[in-house]
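What follows is the residue order along each chain.
2 protein chains.
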Amino acid sequence: MLVLRKPYLLYLGDVQTKADAKTAFGLRDWCRADVLAEWSLPACPVTLELPRLDPVAAVAAGAGSIIVGVAVTGGRLPVHWQDDLEAALLAGLDVVSGMHTRLTECPRLVSAAARSGARLIDVRHTGGDYPCASGRKRSGNRVLTVGTDCALGKKYTALALTRELAARHVPATFRATGQTGIMIAGSGIPMDRTISDFIAGAAEMLSPDAESTHWDVIEGQGSLYHPAYAAVTLGLLHGSQPDAIVLCHDPLRTTIDEYPDFPIPDLQAAIDYYVAAGRLTNAAIHCVGLSVNSSALDEATWSSYRDRVSAELGLPVCDPLRGGLSAIADRLLSA
Amino acid sequence: MLVLRKPYLLYLGDVQTKADAKTAFGLRDWCRADVLAEWSLPACPVTLELPRLDPVAAVAAGAGSIIVGVAVTGGRLPVHWQDDLEAALLAGLDVVSGMHTRLTECPRLVSAAARSGARLIDVRHTGGDYPCASGRKRSGNRVLTVGTDCALGKKYTALALTRELAARHVPATFRATGQTGIMIAGSGIPMDRTISDFIAGAAEMLSPDAESTHWDVIEGQGSLYHPAYAAVTLGLLHGSQPDAIVLCHDPLRTTIDEYPDFPIPDLQAAIDYYVAAGRLTNAAIHCVGLSVNSSALDEATWSSYRDRVSAELGLPVCDPLRGGLSAIADRLLSA
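In the order they appear, the protein sequences are chains A and U. Position 98 of the first sequence, counting from 1, maps to 119 under the working numbering, and the rest follow consecutively. Position 33 of the second sequence, counting from 1, maps to 54 under the working numbering, and the rest follow consecutively.
Possibly wrong hints are sitting among the right ones.
Same chains, same names: a pair is fine if it fits in one copy or spans any two.
[What the hints assert, rightly or not] Computed list of lysine to any residue pairs in SDA-like fashion (alpha-carbon distance at most 20 Å, straight line): (1) LYS39 to HIS235; (2) LYS158 to TYR280; (3) LYS27 to ASP104; (4) LYS158 to ASP278; (5) LYS158 to ASP282; (6) LYS158 to PHE283.
Hints were generated in silico from the structure; no laboratory data involved.
With the sequences and hints as input, model every part of the structure.
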């Protein structure tokens with residue numbers, strides 16, 4: 022399991038748009054208490070509106086890691102950012118990156134890390150050793166977000182549901198399975214990087230035995246309907262042993278993202294398929310709602326969509342950004 | 022993709038039983054034309070009844086690799102076998118092993134390989150880089166063996182079916198996905214060692230476009246009903262895009278091997294589940310028969326089991342070791 026040192030200094034380099042700094046904004050919004058400050062190059066027009074601290078000042082304030090909170094095109098780490106990252110390492114900060122370029126392929130950074138003892142953590146490339154799944158039923162409760170496709174809100178839904186449960190004083194833990202989620206949580210397992218024999222075992226390790234009232238809210242990955250990534254989804258589903266699933270969906274999408282020959286499934290069929298597959302390791306699995314990215318729908322369209330689909334499925338239909346997940350939390354806790 | 026240098030010298034060390042030399046016997050029986058000879062320590066009581074050649078003589082006769090064809094308890098490579106393996110490397114043979122001990126962890130062998138230029142190939146530990154699956158339908162025909170559990174004849178069935186098709190002059194290629202299969206075929210992808218994001222992509226690469234009359238017979242892995250390995254099974258199913266599946270089954274097994282809380286599924290339900298899951302990447306997928314390990318059944322019991330289950334499923338029911346797979350090949354080719 023990957024464990025990061027909090028609190029964070031968020032690094033923006035010289036990204037030119039807020040969109041490219043999406044990861045940093047996500048960290049600011051989802052783990053604000055773990056974010057000390059931001060740092061960037063002088064030419065950077067983007068700000069998180071946090072205090073600015075250079076690496077030395079951030080360490081003095083208690084920071085454990087500098088997070089490269091950007092997602093630039095191609096995922097390459099710009100060479101002229103290395104001055105700041107080297108300074109951060111020498112100040113004692115771990116450097117955490119989700120970019121395609123591996124930090125460990127940058128000799129300057131490897132050398133600085135060796136001198137200071139700080140770590141280079143490539144969240145995207147961290148595999149790790151995990152046991153085979155045992156199939157043993159664990160104590161506590163689990164809810165997993167699943168999807169009709171990739172990239173339609175499974176992480177966001179899990180985070181929002183965790184926050185909703187916490188607001189109700191229900192003990193709940195967000196369990197991260199992807200790189201941004203791991204940065205937010207400070208720990209987790211990059212599920213898509215595990216050796217395939219150990220996916221389910223890694224998922225078992227991610228959500229251990231817990232108190233009978235506790236909920237693990239597990240970030241889903243991929244989709245059972247995705248021709249490339251369904252295996253990751255199934256291993257995560259089996260190892261998570263969820264009592265409940267939330268199906269995430271984008272009503273405007275008609276085919277799998279980047280796979281135009283693969284249709285988005287019917288919602289009831291998708292729920293039935295996830296429940297049938299998940300029943301292998303938890304006979305009690307059931308769907309507690311549909312989480313929709315409704316950003317492209319006007320209010321009237323969303324309202325009628327929500328009412329119609331909710332009636333069809335017999336389930337709450339929510340958009341976490343538009344009214345929240347309260348109805349889904351109600352259903353989850355009523356079982 | 023892992024590609025081995027044939028022909029082989031099969032090495033037995035000093036195993037004490039035929040059972041421990043199972044891999045070597047399998048290679049002798051399934052790729053006899055690629056096996057030149059055997060070699061072992063003087064104290065080895067087991068023989069494959071092949072010519073004996075030491076490594077130097079085997080190289081002179083054209084051998085490309087020495088295969089450690091054993092499966093001893095614990096999977097450790099005995100230290101006193103290293104003399105022979107070092108001699109083999111210095112003679113120019115690649116050393117191929119499926120044991121848990123990595124050849125690359127033995128300094129003597131690493132040093133000998135570096136001196137001669139021969140390779141150390143740990144079939145069990147070879148990952149490799151593979152692309153994401155594209156989902157693009159490929160030309161040619163594919164049949165995949167699947168199972169109600171692990172370890173009940175998926176490799177054997179695929180090999181026997183390939184042989185049956187070849188006997189009928191149907192162009193067919195066995196595609197190996199596990200370590201013994203890879204040794205037999207001389208190439209393949211150890212599917213359970215791939216990074217989970219790339220399982221389906223690896224499976225696509227394993228069975229490329231082919232002539233319209235050609236059949237790839239793909240060795241299955243795991244089971245959709247296995248709480249630890251179903252992800253591997255699903256990724257292989259999606260990437261293989263099989264036109265046909267053969268379900269492999271052991272009629273005496275009531276629960277998943279080593280997972281007593283997980284029942285063996287009903288046969289029709291299992292066929293329906295595999296077909297439903299496989300339909301994602303090949304709408305034409307259908308089951309062409311049941312391959313049974315009937316070794317524990319007497320002739321009368323087997324005969325009545327076969328007739329009853331065949332009538333229930335409306336499919337041929339065969340044991341490759343007891344009457345062969347002719348009826349399944351008929352069904353496969355009739356579609």
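query = Given a CA cutoff of 20 Å, do LYS27 and ASP104 count as a within-copy pair, a between-copy pair, both, or neither?
reply = neither (22 Å within a copy, 52 Å between copies)
inquiry  = Reference check for the pair LYS158 and TYR280, CA-CA at most 20 Å: within, between, both, or neither?
reply    = between (36 Å within a copy, 12 Å between copies)
ask   = Is the C-alpha distance from LYS158 to ASP282 at most 20 Å within one copy, between copies, in both cases, or in neither?
value = between (38 Å within a copy, 10 Å between copies)
query = Can you tell me if LYS158 and ASP278 fall within 20 Å by alpha carbon in one copy, between copies, both or neither?
reply = Between copies only: 18 Å across chains, 34 Å inside a chain, cut-off 20 Å.
task = Can you give me the call for LYS158 and PHE283, within, between, both or neither, at a CA distance of at most 20 Å?
result = Between. Shortest inter-copy distance 12 Å satisfies the 20 Å Cα cut-off; intra-copy 34 Å does not.
ask   = Between copies, within a copy, both or neither: which fits LYS39 and HIS235 at Cα up to 20 Å?
value = neither (36 Å within a copy, 52 Å between copies)
Hints 1, 3 from the earlier list are contradicted by this structure; the remaining hints agree with it.
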